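Visitor: Use the sequences and the hints to build the structure in full.
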Amino acid sequence: GAVVSQHPSWVICKSGTSVKIECRSLDFQATTMFWYRQFPKQSLMLMATSNEGSKATYEQGVEKDKFLINHASLTLSTLTVTSAHPEDSSFYICSASRTSGANVLTFGAGSRLTVL
Amino acid sequence: EDKVVQSPLSLVVHEGDTVTLNCSYEVTNFRSLLWYKQEKKAPTFLFMLTSSGIEKKSGRLSSILDKKELFSILNITATQTGDSAVYLCAGIGSSNTGKLIFGQGTTLQVKP
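Protein sequence lines correspond, in order, to chains A and B. Going by my numbering, the first sequence opens with residue 2, and the numbers climb by one from there. Going by my numbering, the second sequence opens with residue 7, and the numbers climb by one from there.
Each computed DSS-like pair below joins lysine-lysine, with the alpha-carbon atoms no more than 30 Å apart:
#1 A:LYS56 with B:LYS9
#2 B:LYS9 with B:LYS63
#3 A:LYS67 with B:LYS9
#4 B:LYS47 with A:LYS21
#5 B:LYS9 with B:LYS74
#6 A:LYS42 with B:LYS117
#7 B:LYS47 with A:LYS67
#8 B:LYS73 with A:LYS42
#9 B:LYS46 with A:LYS15
#10 B:LYS9 with A:LYS65
#11 B:LYS105 with A:LYS21
#12 A:LYS42 with B:LYS9
#13 B:LYS43 with A:LYS42
#14 A:LYS56 with A:LYS67
#15 B:LYS46 with A:LYS67
#16 B:LYS46 with A:LYS21
#17 B:LYS62 with A:LYS42
#18 A:LYS21 with B:LYS43
#19 A:LYS15 with B:LYS47
#20 B:LYS105 with A:LYS42
#21 B:LYS63 with B:LYS73
#22 B:LYS105 with A:LYS67
Everything labelled a hint here was simulated from the structure, so no lab data went into it. Quick caveat, the model's predicted, so the values are computed rather than measured.
Guide: Structural data, given as structure tokens:
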């Protein structure tokens, strides 16, 4: 089955530093990956759509310069939280679809970011 | 604006009870509705519903979609403590392949 790996699973950093989260599709190629953010006891909110070989598409209200997305290959997308602040502390989850046009997304295990 | 609304937001039942979770949606060019179960980490897929009136079943879980009234329900019969989780429904429109619009989720707690 489709497997999506996310790393790191948790990270603690100091305010002002940048943090990179990786999302890999292990057994399939994903031209599109999605990054979600989830605050405690809230639902997943789509941050951006990551497109292989082109710029990411950001949802309204999400700062492009704050959350840098790079989809350099068909199996890897990265999310970099730049100059992190405590309010960026959250659970970040990536997802990918096994086949183009498919609706069923496979989610990574998520990355919990805590900014001190 | 596309939106998905779930109810109730939280539910506490005892083992053996049957529960029904609701999901209503307003999604442009609606294509499918998906149900996910989220425990401690990432959501795991339960069902994808595309056609109206066709029930999907997996063990004690079942779900159905009503495209006329724009809602779906997820039923869990003979609940067990392992069913305790957040249940998320998400809508997808054909114009945004793979982009899911999630509801707030229903937190289900099953007590022994």
